[in-house]
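Peer 1: If you're matching them up, the sequences are chains S and L in order. Note that this note's numbering has the first sequence beginning at 1, numbered continuously upward. Note that this note's numbering has the second sequence beginning at 1, numbered continuously upward.
Hints listed in this document are in silico derivations from the structure and should not be mistaken for laboratory results. One should not assume that every hint holds.
[As the list claims (entries may be wrong)] Derived SDA-like pairs (lysine to any residue); straight-line CA-CA distance at most 20 Å: (1) S:LYS62 to S:VAL28; (2) S:LYS38 to L:ASP46; (3) S:LYS38 to L:GLU38; (4) L:LYS65 to S:PHE44; (5) S:LYS40 to L:ASP40; (6) S:LYS40 to L:VAL121; (7) S:LYS38 to L:LYS41; (8) L:LYS65 to S:ASN45; (9) S:LYS38 to L:HIS118; (10) L:LYS41 to S:LEU42; (11) S:LYS40 to L:GLU38; (12) S:LYS38 to L:ASP39; (13) L:LYS67 to S:ASP34; (14) S:LYS38 to L:ASP71; (15) S:LYS40 to L:ASP71; (16) L:LYS65 to S:ASP47; (17) L:LYS67 to S:MET1; (18) L:LYS67 to S:ILE35; (19) S:LYS40 to L:MET64; (20) L:LYS65 to S:GLU53; (21) S:LYS40 to L:ASP39; (22) L:LYS65 to S:LEU48; (23) L:LYS41 to S:SER41; (24) S:LYS38 to L:ASN68; (25) S:LYS38 to L:GLU194; (26) S:LYS40 to L:ASP36; (27) S:LYS40 to L:TRP35; (28) L:LYS67 to S:ASP47; (29) L:LYS65 to S:ILE35; (30) L:LYS67 to S:ALA51; (31) S:LYS40 to L:GLY15; (32) L:LYS16 to S:SER41; (33) S:LYS40 to L:LYS41; (34) S:LYS40 to L:PRO43; (35) L:LYS65 to S:ALA51; (36) L:LYS41 to S:VAL28; (37) S:LYS38 to L:THR73; (38) S:LYS38 to L:GLY15; (39) S:LYS38 to L:LYS67.
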Amino acid sequence: MQHIMQQKCAVFRTHDLISKGIEEYLKVESSMDDIDIKDKSLIFNTDLVEALELHNLMAQSKVTLHSALNRTESRGAHAREDYKERDDNNWLVHSLAWLNDKGDVSMGSRGVHMNTLTNHVQPIPPKRRVY
Amino acid sequence: MAQFTLPANSKITKGKTHQLKEPANDPKKLAIYRWDPEDDKNPRIDNYEIDQEKCGPMVLDALMKIKNEIDPTLTFRRSCREGVCGSCAMNIDGVNTLACLKSMSEVKNEIKIYPLPHMRVVKDLVPDLSKAYEQLASIKPWLQRKTTNEEEKNSRDEKKQSPKDREKLDGKWECVLCFCCTTSCPSYWWNGDEYLGPAVLLQAARWVSDSRDSERKERLKAINDSLKLYRCHSIMNCTRSCPKGLNPAKEIAGLKKAIVTEL
Ligand code: SF4
Ligand code: SF4
Ligand code: FES
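Construct the complete structure from the given sequences, taking the supplied hints into account.
Peer 2: Quick look at the structure:
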């Protein structure tokens, strides 16, 4: 899982690369049933803790892969080499992802709050980051 | 001469040996202390062998390789793997240090690994640090600023510090609280229940030296105690062991001097 995420879902990514990552991910996902915990103890069982962490990271990786594939623009550390520009018209939104019991991911989005909660400071309108 | 032996149930026995399955170009042997709190057996030394060509350069890399590929029951703390969290403190080749900062190539022969000395062992290489953390809490390791100045009380401005005052914290803020120093100090071994030990005293020095803190005097008074502070006899084991290159012995001397001159 770590290798897939580092190689197929790093900062610079493309549709093909992420799709390949999802393909490989599914193989790893199906091997999760074979997990065996050798350390059976109830005191400081790091073997068990690492297995639980892996279980959690598997879910996180899956929604990350799908969110990255879904977002057809570049923004910050999500640099799509096939969509190099930031696209505020379509993508000024939070990505939402649902992972159901069967392991299917569905995508959605939610608008970004554009105003501050008090009028102490005025909101700064979004603009491209140029350096 | 008096003879000292370990209690019968603490004697270390010979454990399992895991040899390399394939021939390796660059093999390395590790002898690791193991103790399982859930069986009645004595602690043992397990022997492992790894191929350094297929492993990262640090002792922690070897431990993780063993845990991942040879023996998942091997238990140790680790987190950052770059010397900033202080989790992986252990006794390697006779010296307390951080496994992630200790290169395997520094150890000529077999690498012997034990938990931090003179602490209760929770399991394998994991020592019980609860007493040490309690001692840390006792020196109030946070900024205290009491003020009668109404303006400051009502202001939300940050409390500024000049670069010169900030420099006074150098050699202190870098401590990662690994307790390598404390557990190498003979005074702490004998009086660990009362003596605060170098790591905690270094933290005390860190807060005593902070220009933004108003409780310097109170802090000095609180540690001015024959057991808490003066069990340090400048043996300097602490400084020798610190994997971050700090000098707790010097900071303790600084505290003693401040007490003499300011209280
Ligand atoms: S200098 Fe003090 S704190 Fe350091 S090892 Fe010696 S007695 Fe312990
Ligand atoms: S002074 Fe050094 S050895 Fe002691 S706790 Fe801090 S970093 Fe570790
Ligand atoms: S793993 Fe963080 S200091 Fe070694």
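Peer 1: Starting from LYS38 of chain S, check that the Cα of GLU194 of chain L is at most 20 Å away, please.
Peer 2: violated (40 Å)
Peer 1: Does LYS38 of chain S pair with THR73 of chain L here, judged by a C-alpha cut-off of 20 Å?
Peer 2: holds (6 Å)
Peer 1: Between the alpha carbons of LYS40 of chain S and ASP40 of chain L, is the straight-line distance 20 Å or under?
Peer 2: With Cα atoms ~16 Å apart, LYS40 of chain S and ASP40 of chain L stay inside 20 Å; holds.
Peer 1: Against the 20 Å threshold, does the CA-CA distance of LYS38 of chain S and LYS67 of chain L hold or violate the hint?
Peer 2: Holds, at roughly 11 Å.
Peer 1: Holds or violated: LYS40 of chain S with PRO43 of chain L, Cα cutoff 20 Å?
Peer 2: Status holds; Cα separation ~18 Å.
Peer 1: LYS40 of chain S and MET64 of chain L were given as a pair; does the straight-line alpha-carbon distance stay at or below 20 Å?
Peer 2: holds (19 Å)
Peer 1: Does LYS38 of chain S pair with LYS41 of chain L here, judged by a C-alpha cut-off of 20 Å?
Peer 2: The hint holds at about 19 Å.
Peer 1: Within a Cα-Cα threshold of 20 Å, do LYS65 of chain L and ALA51 of chain S meet the stated pairing?
Peer 2: Holds: LYS65 of chain L and ALA51 of chain S sit about 16 Å apart, inside 20 Å.
Peer 1: For LYS65 of chain L and PHE44 of chain S, compute the direct alpha-carbon distance and say whether it is at most 20 Å.
Peer 2: Distance of about 19 Å is within 20 Å: holds.
Peer 1: So if I understand the rule, the pair passes when the alpha-carbon distance is 20 Å or less; does LYS67 of chain L with MET1 of chain S pass?
Peer 2: holds (18 Å)
Peer 1: Is it true that the CA of LYS65 of chain L sits at most 20 Å from the CA of ASP47 of chain S?
Peer 2: This hinted pair holds, its Cα atoms lying about 13 Å apart.
Peer 1: Assess, step by step, whether the Cα of LYS67 of chain L is no farther than 20 Å from the Cα of ALA51 of chain S, and give holds or violated.
Peer 2: With Cα atoms ~13 Å apart, LYS67 of chain L and ALA51 of chain S stay inside 20 Å; holds.
The earlier numbered hints that this structure contradicts are 9, 25, 36.
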